[in-house]
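For this one, chain A is given, so just place chain B on it according to the hints.
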Amino acid sequence: MHDMSAHAVHHHAPPTSFIRKHVFSLDHKVIGKQYYGLALIAVFVGMVLSWLMRIHLGWTNYPIPGLHLLSSNGAPGNVMTPEYYLQLMTMHATIMVFFVLTTAPFAAFGNYFLPIQVGAEDMPFPRFNMMSFWVTFTAFVVLISSFFVSDGPTLGGWTQYAPLSAVGKVGGPGEGTGVVLWAASIGIFCIGQLLGSLNFITTTLDLRTRGMSLMRLPLSAWAWFITSCMGLTAFAVLMPGCILLILDHVAGTSFFVPSNLVINDQLQPHSGGSTLLWQHLFWFFGHPEVYIAIIPGMGIVSHVLITAMRRPMLSHRVLIYSMGALAVLSYMVYGHHMFVSGMNPVSSLAFSFPTLIITIPSTIVVLIWLGSLYGAKLRINTASLFALGFISMFISGGVSGFFLAQPSIDIMLHATYFVVGHFHLVMGVAAMFGIFAGTYFWFPKMFGRMMNETLGKIHFWLTFVGAYCIFMPFHYLGMAGNVRRYQAFVDDYTQRLIPVHQFITVAALLTGLAQFIFLYNLMHSRFWGKPAPDNPWEATSLEWSTPTTPPPHNNFGDKLPEVFHDPYQYGVESSTGDYVMQASPEKVKSAHEEA
Amino acid sequence: MGKFVAVTIIVIAVASAIPIVMHTWEPPADISTHGALIDEQMSETMAEAGISFLASQILLAIFIWMFSSPKPGSRIKRLPGGAKGLVIAAFLLVGAEALALGVFGVKAWANVYLTPPSANAMPIQVQAGQFAFYFRYPGPDGKFGPLHPDLINEGTQNFFGLDQDHDPDSKDDIVTAEMAIPVNREIHLLMHSKDVGHSFFVPELRVQQDFVPGLDVSLHFTATKVGRYEIVCTQLCGLGHYNMKAYLSVYSQEDFDNWLKKEAAMQ
Chain A
2 MHDMSAHAVH HHAPPTSFIR KHVFSLDHKV IGKQYYGLAL IAVFVGMVLS WLMRIHLGWT
62 NYPIPGLHLL SSNGAPGNVM TPEYYLQLMT MHATIMVFFV LTTAPFAAFG NYFLPIQVGA
122 EDMPFPRFNM MSFWVTFTAF VVLISSFFVS DGPTLGGWTQ YAPLSAVGKV GGPGEGTGVV
182 LWAASIGIFC IGQLLGSLNF ITTTLDLRTR GMSLMRLPLS AWAWFITSCM GLTAFAVLMP
242 GCILLILDHV AGTSFFVPSN LVINDQLQPH SGGSTLLWQH LFWFFGHPEV YIAIIPGMGI
302 VSHVLITAMR RPMLSHRVLI YSMGALAVLS YMVYGHHMFV SGMNPVSSLA FSFPTLIITI
362 PSTIVVLIWL GSLYGAKLRI NTASLFALGF ISMFISGGVS GFFLAQPSID IMLHATYFVV
422 GHFHLVMGVA AMFGIFAGTY FWFPKMFGRM MNETLGKIHF WLTFVGAYCI FMPFHYLGMA
482 GNVRRYQAFV DDYTQRLIPV HQFITVAALL TGLAQFIFLY NLMHSRFWGK PAPDNPWEAT
542 SLEWSTPTTP PPHNNFGDKL PEVFHDPYQY GVESSTGDYV MQASPEKVKS AHEEA
Chain B
9 MGKFVAVTII VIAVASAIPI VMHTWEPPAD ISTHGALIDE QMSETMAEAG ISFLASQILL
69 AIFIWMFSSP KPGSRIKRLP GGAKGLVIAA FLLVGAEALA LGVFGVKAWA NVYLTPPSAN
129 AMPIQVQAGQ FAFYFRYPGP DGKFGPLHPD LINEGTQNFF GLDQDHDPDS KDDIVTAEMA
189 IPVNREIHLL MHSKDVGHSF FVPELRVQQD FVPGLDVSLH FTATKVGRYE IVCTQLCGLG
249 HYNMKAYLSV YSQEDFDNWL KKEAAMQ
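Taken in order, these protein sequences are the chains called A and B.
Quick note: the first sequence uses the numbering used here, first residue 2, plus one each step.
Quick note: the second sequence uses the numbering used here, first residue 9, plus one each step.
So that you can see chain A by itself, here it is in the shape it has in the complex:
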């Protein structure tokens, strides 16, 4: 355990200039808010793209007013072309996976709250931290810029399978400059994540305050720590992949393109590359990425739920070990994306077993949540509603994993809407619910004002029911053989499925509209919300012990706190009520002993 209160190292004075305070800030809290802002912009862009796709899928060739303004080539007469559909789809997925699901729960909340939860005044490398945000911001700008190049963004999907992604312009619209911008953006994004992960790991290991043992870290801090270990290894594999992909475009190399390919009757000037190599590199990152998106959500939801339940989890340790097991196993299961890819069919079996085994730690996490709800004194508020919604979504998205873990069933479900339904529920919607739970929970600390609970609850109900209406039917479509990444359904057997697509489109439009209630609540409360008390939820961890709300520049004022308790001492009898704060020296009978 490290005693940072004795020799606090990072005394930087609060900045005074606007640029240093709000733009190129070294303060982890400002950087966290910047990440949140970036994710907020990204999520609305991504959502509008999904609306456009959904309208097109429900009513193909229906003109969408104003669409030609976005791209005159992509939507002549406001009707989306097949290639423009794929370009929007690729951008939707890339924006959502990288700039929302990775950025918000991990980089935004983690930056803001990890140093405070461990009792530090900042991260150990504030300049790296500042760089990590601005590098990520640059990545976003580079990605969006591909909308404005002549033939638009890449249409190759967020997985960018080679050789379509590597042969250049001949592959189709957006496969030249669009792919280079995509790969550059993602490569840059990786740098940001590597810098961020380095900071998260060192913050957790080196900057814990006096009394803060590893096991006294809140579950959210543990989740960010585990995620940063994954980030450091997964993004380190994706980045070279992106560099090699760019080289195939600009340097005449053939890492991912084999010989003798003929496109438009032209023999391509490549030889010796491997298309499966890209898939291995991509999915070695891609599957851990799923957990990079969801583990912070697990941590946030556990943290929020414990406060709402007024009790610690049945076992703090088991939850931590399970999240750790998920992280380790996530590297061994990536081949389940490639069962029918043409890799050795024996490998498919080798990847199938760890994929089935990973359901065990996932189940343990869910059972610990359920088991801890038993006998709790659950307080219902918007944050806890979203936390409960997360559990429901995680279960729904998780069970479909049983199907996709098996190569024989994957023969039928691979590349269908079943897969789309599965990952949207388990890593998309569930992670979003984690972000919402975190937002409603921590907003008072971040901005010193309360969010509107009534609007929050309306937002929850519309989103919870809406998300199920959108994503459950995806599974049915997939079971009927509906292939994904089609801009229209021309196959005979898909004709009867079109009404289901229309239902989903209506649900997506309405659920999307409900998100503007959230945006309004966020903006309005930021300036005109009720002033927040220091500890509105009667919570125990260190972020609620800061001398002011929002916390001062160095988080804890003159003296770093000392920690006397496990993180979740609820259901005890203390002078403050049924909880005792980590930084309070008051002696109480431990909730763990009593439990």
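Worth flagging that the hints you see were computed from the coordinates, not collected in a lab.
Among the clues, some could well be false.
Stated by the list, open to error - Per label pair, the in silico range of CB-to-CB distance:
{"hint": "1", "chain 1": "A", "residue 1": "S348", "chain 2": "B", "residue 2": "V234", "range": "35 to 41 angstroms"}
{"hint": "2", "chain 1": "B", "residue 1": "D149", "chain 2": "A", "residue 2": "L278", "range": "36 to 42 angstroms"}
{"hint": "3", "chain 1": "A", "residue 1": "N62", "chain 2": "B", "residue 2": "K11", "range": "42 to 48 angstroms"}
{"hint": "4", "chain 1": "A", "residue 1": "S73", "chain 2": "B", "residue 2": "E162", "range": "43 to 49 angstroms"}
{"hint": "5", "chain 1": "A", "residue 1": "L268", "chain 2": "B", "residue 2": "D149", "range": "37 to 43 angstroms"}
Claimed, not checked - Below, in silico cross-link-like pairs of lysine to aspartate or glutamate (DMTMM-like), each with a Cα-Cα straight-line distance of 25 angstroms or less:
{"hint": "6", "chain 1": "B", "residue 1": "K253", "chain 2": "A", "residue 2": "E587"}
{"hint": "7", "chain 1": "B", "residue 1": "K79", "chain 2": "A", "residue 2": "E454"}
{"hint": "8", "chain 1": "A", "residue 1": "K170", "chain 2": "B", "residue 2": "D158"}
{"hint": "9", "chain 1": "B", "residue 1": "K92", "chain 2": "A", "residue 2": "E454"}
{"hint": "10", "chain 1": "B", "residue 1": "K115", "chain 2": "B", "residue 2": "E186"}
{"hint": "11", "chain 1": "B", "residue 1": "K11", "chain 2": "A", "residue 2": "E539"}
{"hint": "12", "chain 1": "A", "residue 1": "K531", "chain 2": "A", "residue 2": "D559"}
{"hint": "13", "chain 1": "A", "residue 1": "K590", "chain 2": "A", "residue 2": "D567"}
{"hint": "14", "chain 1": "B", "residue 1": "K85", "chain 2": "A", "residue 2": "D567"}
{"hint": "15", "chain 1": "B", "residue 1": "K253", "chain 2": "A", "residue 2": "D266"}
{"hint": "16", "chain 1": "B", "residue 1": "K11", "chain 2": "A", "residue 2": "D567"}
{"hint": "17", "chain 1": "B", "residue 1": "K253", "chain 2": "A", "residue 2": "E454"}
{"hint": "18", "chain 1": "B", "residue 1": "K179", "chain 2": "B", "residue 2": "E56"}
{"hint": "19", "chain 1": "B", "residue 1": "K270", "chain 2": "B", "residue 2": "D180"}
{"hint": "20", "chain 1": "B", "residue 1": "K79", "chain 2": "A", "residue 2": "D492"}
{"hint": "21", "chain 1": "B", "residue 1": "K79", "chain 2": "A", "residue 2": "D266"}
{"hint": "22", "chain 1": "B", "residue 1": "K179", "chain 2": "A", "residue 2": "E587"}
{"hint": "23", "chain 1": "B", "residue 1": "K151", "chain 2": "B", "residue 2": "D38"}
{"hint": "24", "chain 1": "B", "residue 1": "K233", "chain 2": "A", "residue 2": "D492"}
{"hint": "25", "chain 1": "B", "residue 1": "K269", "chain 2": "B", "residue 2": "D180"}
{"hint": "26", "chain 1": "B", "residue 1": "K233", "chain 2": "A", "residue 2": "D493"}
{"hint": "27", "chain 1": "B", "residue 1": "K11", "chain 2": "A", "residue 2": "E454"}
{"hint": "28", "chain 1": "B", "residue 1": "K85", "chain 2": "A", "residue 2": "D579"}
{"hint": "29", "chain 1": "A", "residue 1": "K170", "chain 2": "B", "residue 2": "E162"}
{"hint": "30", "chain 1": "B", "residue 1": "K85", "chain 2": "A", "residue 2": "E539"}
{"hint": "31", "chain 1": "B", "residue 1": "K270", "chain 2": "B", "residue 2": "D177"}
{"hint": "32", "chain 1": "B", "residue 1": "K233", "chain 2": "B", "residue 2": "D263"}
{"hint": "33", "chain 1": "B", "residue 1": "K85", "chain 2": "A", "residue 2": "E574"}
{"hint": "34", "chain 1": "B", "residue 1": "K79", "chain 2": "A", "residue 2": "E539"}
{"hint": "35", "chain 1": "B", "residue 1": "K85", "chain 2": "A", "residue 2": "E587"}
{"hint": "36", "chain 1": "A", "residue 1": "K34", "chain 2": "A", "residue 2": "D535"}
{"hint": "37", "chain 1": "A", "residue 1": "K588", "chain 2": "A", "residue 2": "D567"}
Built from N, CA and C at the ideal position, the CB exists for glycine as well.
Just chain B now, with coordinates in the frame of chain A:
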């Protein structure tokens, strides 16, 4: 509000299960010799996943119902068995479930992928390219002529890049845009891509396999029912991906022979 959440979760869980139980959206009926094993595996998985889904959602709902409006002064209760009980339950129940599915699943997978095609399986070559499939039959000599990618020319309809003037084995090869096979005869499909990644998916046949540019991939199956089915591409291959398909006709042996003769005459 807690009770309302509980009821909503149960309504959603039950409503989600109804189309499954009613078999509203099913894959098209199987027409292959190996498909029954896959279908069986699918329904077993559905039963296990369905029970897990309903049980966990209902348990979640019940606990929210029970514990969201605590009486003032009530104490926190602890689940009998605690975390240890849950961990053991997860290992036993889910571990057994996963192991069972994994072990039985091997059989269905092995049937398609780990057994070689029989010696008298009928070879057909399929080539995928943006955005069409082409098929090649070896003709009376039973031999496929070599491919010359530099000779590929859509204008002259030399889709495979055959040199029929110089390669004797190519002379009698029959190239078609539609796939036809005889019923109840094992087919050995030799797959290659001309340009980018594609996939060969016939839901009725219970086969799906990617084309890997630069690699020759093979697949074998036997169709058991005469009819006309769709072959669709499931690997994103460019702007025409959604429209990349071909038809598969399963004929009686006699009808197949006639079809092949007709196609040979048209070369």
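A quick look at each hint next to the structure:
Checked against the given bound of 35 to 41 angstroms, the beta carbons of A:S348 and B:V234, roughly 36 angstroms apart, stay inside it. At roughly 37 angstroms, the beta carbons of B:D149 and A:L278 sit within the given window of 36 to 42 angstroms. One distance hint, 42 to 48 angstroms for the beta-carbon pair A:N62 and B:K11, holds here, with the actual separation near 46 angstroms. Checked against the hint of 43 to 49 angstroms, the pair A:S73 and B:E162 fails, with Cβ atoms roughly 30 angstroms apart.
Separated by about 28 angstroms at the C-beta atoms, A:L268 and B:D149 break the suggested range of 37 to 43 angstroms. Pair hint B:K253 plus A:E587 does not hold up; C-alpha atoms about 72 angstroms apart against a cutoff of 25 angstroms. At roughly 23 angstroms between alpha-carbon atoms, B:K79 and A:E454 fall within 25 angstroms of each other, so this suggested pair holds. Distance check on the hinted pair: A:K170 and B:D158 sit about 20 angstroms apart at the alpha-carbon level, within 25 angstroms; holds.
As the CA atoms of B:K92 and A:E454 are separated by approximately 37 angstroms, the hinted pair breaks the 25 angstroms bound. A threshold of 25 angstroms between alpha carbons decides the hint, and for B:K115 with B:E186 the separation of about 32 angstroms lies outside it, so the pair is violated. Between B:K11 and A:E539, the direct Cα distance comes to roughly 23 angstroms. Compliance with the 25 angstroms bound is thereby established for this hinted pair. For a cut-off of 25 angstroms, the pair hint linking A:K531 to A:D559 is broken: about 28 angstroms separates their Cα positions.
The hinted pair formed by A:K590 and A:D567 meets the criterion: a straight-line CA distance of about 11 angstroms does not exceed 25 angstroms. About 19 angstroms separates the Cα atoms of B:K85 and A:D567, which keeps this hinted pair within 25 angstroms; it holds. Of the supplied pair hints, the one linking B:K253 and A:D266 holds, its CA atoms being roughly 20 angstroms apart against a limit of 25 angstroms. Our distance criterion of 25 angstroms between C-alpha atoms is broken by B:K11 and A:D567, whose separation comes to about 32 angstroms.
Distance check on the hinted pair: B:K253 and A:E454 sit about 52 angstroms apart at the alpha-carbon level, beyond 25 angstroms; violated. Taking the CA atoms of B:K179 and B:E56, the gap is near 55 angstroms; set against the 25 angstroms cutoff, the hint is violated. Restraint check for B:K270 and B:D180: the C-alpha separation of about 13 angstroms stays at or below 25 angstroms, so the hint holds. In summary, the hint linking B:K79 to A:D492 is not supported, as the alpha carbons are separated by about 59 angstroms, beyond the 25 angstroms threshold.
A hinted pair counts as satisfied when its Cα atoms are at most 25 angstroms apart, and B:K79 with A:D266 does not qualify at roughly 77 angstroms. Distance hint between B:K179 and A:E587 is unfulfilled; the C-alpha atoms sit about 93 angstroms from each other, more than 25 angstroms. Proximity of B:K151 to B:D38 is assessed by CA-CA distance (about 31 angstroms); at most 25 angstroms being required, the pair is judged violated. With a C-alpha separation of about 20 angstroms, the suggested pairing of B:K233 with A:D492 holds against the 25 angstroms cut-off.
About 11 angstroms separates the Cα atoms of B:K269 and B:D180, which keeps this hinted pair within 25 angstroms; it holds. For the suggested pair B:K233 and A:D493, the alpha carbons sit about 18 angstroms apart, so the restraint of at most 25 angstroms is met. Restraint check for B:K11 and A:E454: satisfied, since their Cα atoms lie roughly 18 angstroms apart, inside the 25 angstroms limit. At roughly 14 angstroms between alpha-carbon atoms, B:K85 and A:D579 fall within 25 angstroms of each other, so this suggested pair holds.
Proximity of A:K170 to B:E162 is assessed by CA-CA distance (about 20 angstroms); at most 25 angstroms being required, the pair is judged to hold. Between B:K85 and A:E539 the CA atoms are separated by roughly 20 angstroms; this keeps the pair inside 25 angstroms, and the hint holds. Of the pairs offered as hints, the one joining B:K270 and B:D177 holds, with about 20 angstroms between alpha carbons and a cut-off of 25 angstroms not exceeded. Proposed proximity of B:K233 and B:D263 is supported: the alpha carbons are some 13 angstroms apart, at most 25 angstroms.
Proximity of B:K85 to A:E574 is assessed by CA-CA distance (about 15 angstroms); at most 25 angstroms being required, the pair is judged to hold. Taken as a hint, the B:K79 and A:E539 pair is honoured in the structure, with Cα atoms around 18 angstroms apart against an allowance of 25 angstroms. A hinted pair counts as satisfied when its Cα atoms are at most 25 angstroms apart, and B:K85 with A:E587 qualifies at roughly 24 angstroms. Of the supplied pair hints, the one linking A:K34 and A:D535 holds, its CA atoms being roughly 19 angstroms apart against a limit of 25 angstroms.
A threshold of 25 angstroms between alpha carbons decides the hint, and for A:K588 with A:D567 the separation of about 12 angstroms falls inside it, so the pair holds.
Checked against the numbered hints given earlier, this structure breaks hints 4, 5, 6, 9, 10, 12, 16, 17, 18, 20, 21, 22, 23; the rest are met.
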